[in-house]
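Participant: Listed below, chain by chain, are the residues.
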Amino acid sequence: MSARPDLSRRRATGRGERLIEVFLAGCAGVTGLATLGVLVVLLGHSVAFFAEVPLGAFLFGTRWEPMFEDPRFGVLPLVSGSLLVAGGAALVALPTGVLSAIFLSEYAGPRARGVLKPLLEVLAGIPTVVYGYFALTFVTPLLRTLVPGTGVFNAASASLVVGVMIIPTVASLSEDAMRAVPDSLRAASLGLGATRMETAVRVVVPSAVSGIVASFVLGVSRALGETMAVTIAAGSLPNLTLDPFSSVQTMTAYIVQVSLGEAAQGTVVYRSLFAVGTTLFLMTLAMNLLSQWVVARFRPEIR
Amino acid sequence: MTTAYDIAHGEEGPVLETRGLSVFYGEKQAVRDVTFSVPRGTVVALIGPSGCGKSTLLRCFNRMNDLLPDSRVEGEVRFRGTDLYAPSVDPVEVRRRVGMVFQEPNPFPRSIYDNVAFGPRINGFRGDLDALVEASLRRAGLWAEVGDRLGDSALKLSGGQQQRLCIARTLAVEPEVVLMDEPASALDPIASQRVEELVYELKREYTIVIVTHNMQQAARISDYTAFLYLGELIEYGPTDAIFTNPREGSTEAYMTGRFG
Amino acid sequence: MSEHRRRRRRALGGAFAAVCAASTLLGLLALGLLIGDVLLDGASQLDTDFLTRYASRVPEQAGVRAALAGSAWVVGLTALVSFPISVGAAVWLEEYAPDRWTTRALRTNVANLAGVPSIVYGILGLAVFVRALGLGHSVLSGALTLALLVMPILVLTTQEAIRAVPSTLREAAYALGATRWQVVSRQVLPAAAPGILTGTILALSRAVGETAPLILVGAVGFVAFSPSGPLDSFTVLPVQIFGWITRPQPEFRALAAAGIIVLLTLLLLANSAAILLRDRHSARNAR
Chain A
37 MSARPDLSRR RATGRGERLI EVFLAGCAGV TGLATLGVLV VLLGHSVAFF AEVPLGAFLF
97 GTRWEPMFED PRFGVLPLVS GSLLVAGGAA LVALPTGVLS AIFLSEYAGP RARGVLKPLL
157 EVLAGIPTVV YGYFALTFVT PLLRTLVPGT GVFNAASASL VVGVMIIPTV ASLSEDAMRA
217 VPDSLRAASL GLGATRMETA VRVVVPSAVS GIVASFVLGV SRALGETMAV TIAAGSLPNL
277 TLDPFSSVQT MTAYIVQVSL GEAAQGTVVY RSLFAVGTTL FLMTLAMNLL SQWVVARFRP
337 EIR
Chain B
17 MTTAYDIAHG EEGPVLETRG LSVFYGEKQA VRDVTFSVPR GTVVALIGPS GCGKSTLLRC
77 FNRMNDLLPD SRVEGEVRFR GTDLYAPSVD PVEVRRRVGM VFQEPNPFPR SIYDNVAFGP
137 RINGFRGDLD ALVEASLRRA GLWAEVGDRL GDSALKLSGG QQQRLCIART LAVEPEVVLM
197 DEPASALDPI ASQRVEELVY ELKREYTIVI VTHNMQQAAR ISDYTAFLYL GELIEYGPTD
257 AIFTNPREGS TEAYMTGRFG
Chain C
6 MSEHRRRRRR ALGGAFAAVC AASTLLGLLA LGLLIGDVLL DGASQLDTDF LTRYASRVPE
66 QAGVRAALAG SAWVVGLTAL VSFPISVGAA VWLEEYAPDR WTTRALRTNV ANLAGVPSIV
126 YGILGLAVFV RALGLGHSVL SGALTLALLV MPILVLTTQE AIRAVPSTLR EAAYALGATR
186 WQVVSRQVLP AAAPGILTGT ILALSRAVGE TAPLILVGAV GFVAFSPSGP LDSFTVLPVQ
246 IFGWITRPQP EFRALAAAGI IVLLTLLLLA NSAAILLRDR HSARNAR
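Chains as they are written, first to last, in this note's numbering: chain A, 37 to 339; chain B, 17 to 276; chain C, 6 to 292.
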């Protein structure tokens with residue numbers, strides 16, 4: 037009988053393979069470290085901040101006056117500023133985005149779609165500082181002639197451009213969801229004598245609702261995190277107001293303002309950067325998780 | 017009840033054998049307690065209805081099942097006496113000695129030459145690579161058709177040529193055993209016939225285990241036939257005996273087309 | 006059903022279709038207005054001198070040379086750092102990772118990182134690279150910050166490109182006795198390369214346009230020299246543009262518009278390259 041074959045691992049190859057695998061796993065580990073870094077940095081500095089400013093005064097204070105002799109760190113004006121801008125942006129982007137998605141998915145032919153969709157997505161690729169310029173030099177002057185009394189810096193102008201900015205997010209994800217609706221459902225509805233519109237509104241949109249809602253949440257989350265356009269257009273007055281035609285300061289704009297002013301390390305103003313950053317991070321994280329949950333939770337209804 | 021046919025092993029013993037082999041995918045058991053052996057220099061056909069575990073069984077012989085995340089193997093698979101699932105065994109070494117041809121032709125998106133040379137290159141072949149490529153293509157009966165255009169993309173070949181290229185690619189590694197998973201089923205009848213003839217020629221040099229759906233094919237090319245049903249080995253023996261005088265009712269029922 | 010009602014339904018359907026089409030065009034209209042606005046304001050400022058002059062307090066003598074050089078430095082280093090790590094991470098997640106909770110956590114984590122606002126990366130960069138590691142307001146701090154920012158995007162697109170490689174290719178290579186790394190390096194990555202490169206170009210063009218995180222790590226609006234090493238201070242094109250926007254004089258507004266034209270042209274070129282790459286690849290596959 038011939039000798040049994042030796043099937044054991046060649047040592048040199050095995051070691052090389054193992055080394056490569058460890059390197060690759062390390063690369064994946066870096067992505068984990070990035071998250072850890074975000075958490076440690078934000079929370080670590082926030083703890084130092086809250087040692088000086090009580091958490092309650094931060095969360096429920098209605099005045100944000102960090103540079104004053106007697107500084108106040110009530111975050112509500114910043115949060116309301118962010119929500120005002122993001123809410124306005126949602127008013128622009130949600131209907132526009134969903135109607136665009138219906139058009140692209142239910143009405144446009146493959147060729148029109150092939151041209152329109154990439155063009156729409158160009159909107160998402162334009163740097164935010166450019167939107168800021170557009171808001172300041174085009175949208176704001178227009179608003180000021182239409183609505184007398186509008187400030188040079190105002191929330192409405194920021195809302196409009198941020199809204200335009202997130203149209204592709206809403207339109208793209210909603211359209212994906214609508215196109216995932218099987219054609220047999222459309223055929224059934226049309227076969228029962230429904231018009232195209234009735235099919236779109238009563239069959240396709242309800243079947244795609246989880247994807248559409250997820251796109252809303254993701255779009256609003258983007259709007260909350262948007263920085264340059266709102267810094268340029270909405271100004272830097274931390275107002276606790278619901279008036280879209282006055283100047284507000286968002287959380288992101290405050291962070292830019294402080295970093296431009298070169299706050300010394302170790303001061304309470306420097307630390308406030310992290311407290312505000314944490315607030316922003318938690319809000320956007322919650323919305324991203326919500327959108328993932330919506331997609332996962334309601335997926336079976338599509339099928 | 018498994019009735020493994022006792023095959024005369026000759027002096028060298030079987031090339032491949034299994035003892036009490038079971039394979040699980042997660043909770044599902046795909047192969048149940050199979051014991052059989054493959055003598056050197058023979059063609060063994062695995063037949064049975066789809067989903068009966070033929071391919072799963074085949075993929076135990078070169079440990080391709082390892083690539084599926086939740087597959088689990090119990091029992092023994094031996095290659096010339098060595099347990100293929102022993103902890104010291106490297107599946108990569110196993111696959112260098114036990115080649116495999118798949119149902120769909122799956123050439124790499126490269127030139128014809130690079131397809132055949134891939135195996136020798138990764139295995140550190142030192143020698144005349146051109147000669148090895150030519151010899152492999154000749155053995156697969158493809159040299160006459162592609163010898164003058166080795167630099168062309170393999171994807172330009174017809175389906176039948178692609179499958180014979182995949183066979184040449186397997187032979188270039190100089191395996192001892194070739195596993196074939198329905199190698200002709202995705203081809204048109206003429207291309208299918210050529211592949212079948214090729215298998216018949218190859219059995220002079222290689223031990224071959226072939227999964228097939230085609231009863232006539234099994235009858236023509238194999239020395240032994242194993243019939244599997246629902247993961248169990250129902251009957252195993254010389255092809256003549258199985259086809260002319262099956263001992264199990266279900267084997268006969270399958271072969272006469274009553275199910276499957 | 007009455008004839009009247011049927012006609013009303015049809016009219017309603019027509020109106021709805023028109024509204025949907027108008028919505029789609031609304032976004033495109035905004036795009037057109039934006040580009041028109043910028044061109045109108047900036048085109049007159051644009052000449053070769055604008056590209057070769059450094060920043061200046063006198064608007065007529067200001068240019069984007071330092072900003073262009075800074076952008077090239079930062080994005081180049083960003084690519085150098087983020088590309089190998091992202092591809093490595095994606096390869097591990099797709100080809101190596103065992104199906105364990107840690108793997109699933111890493112996957113979810115990458116998706117969540119891609120949704121973190123860019124300014125939060127700026128805060129991270131400020132605390133870690135600028136302050137803790139003492140790299141200061143340098144090109145390197147900026148590049149590492151942007152590398153963290155584009156990494157999740159790059160990992161996700163690379164994962165997608167790897168998933169698109171047919172599994173039959175992997176099986177064929179494994180069956181010939183290839184090791185895992187041989188399968189990955191000689192079959193999977195070459196097959197996924199066009200997708201990975203397209204994704205990389207798109208991710209890096211996002212880095213080219215990023216402003217806020219670089220302001221946090223100390224890119225400043227007024228720099229009169231090009232960086233000559235990774236530890237030099239720097240500015241980048243979008244930050245330079247922001248600096249000009251915030252000046253009250255209208256001459257600087259025009260400079261900002263001219264800068265935006267340069268920036269958008271660069272992005273257009275990058276995106277065209279990405280589309281070209283993708284189309285050439287799909288043409289090759291169809292052959």
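Just so you know, these hints were derived from the structure itself, not from any lab.
There's no promise every hint is true.
To give a feel for the contact side, a few chain B residues facing chain A, derived at Cβ under 7 Å [as the list claims (entries may be wrong)]:
1. T51
2. R96
3. T98
4. D99
5. P103
6. D106
7. V110
8. M231
Note that CB positions come from ideal geometry on N, CA and C, so glycine has one too.
Participant: Give a verdict on every hint.
Facilitator: Status of each hint after checking the structure:
no.	hint	result
1	T51	violated, 20 Å
2	R96	holds, 5 Å
3	T98	holds, 5 Å
4	D99	violated, 9 Å
5	P103	violated, 10 Å
6	D106	holds, 4 Å
7	V110	holds, 6 Å
8	M231	violated, 34 Å
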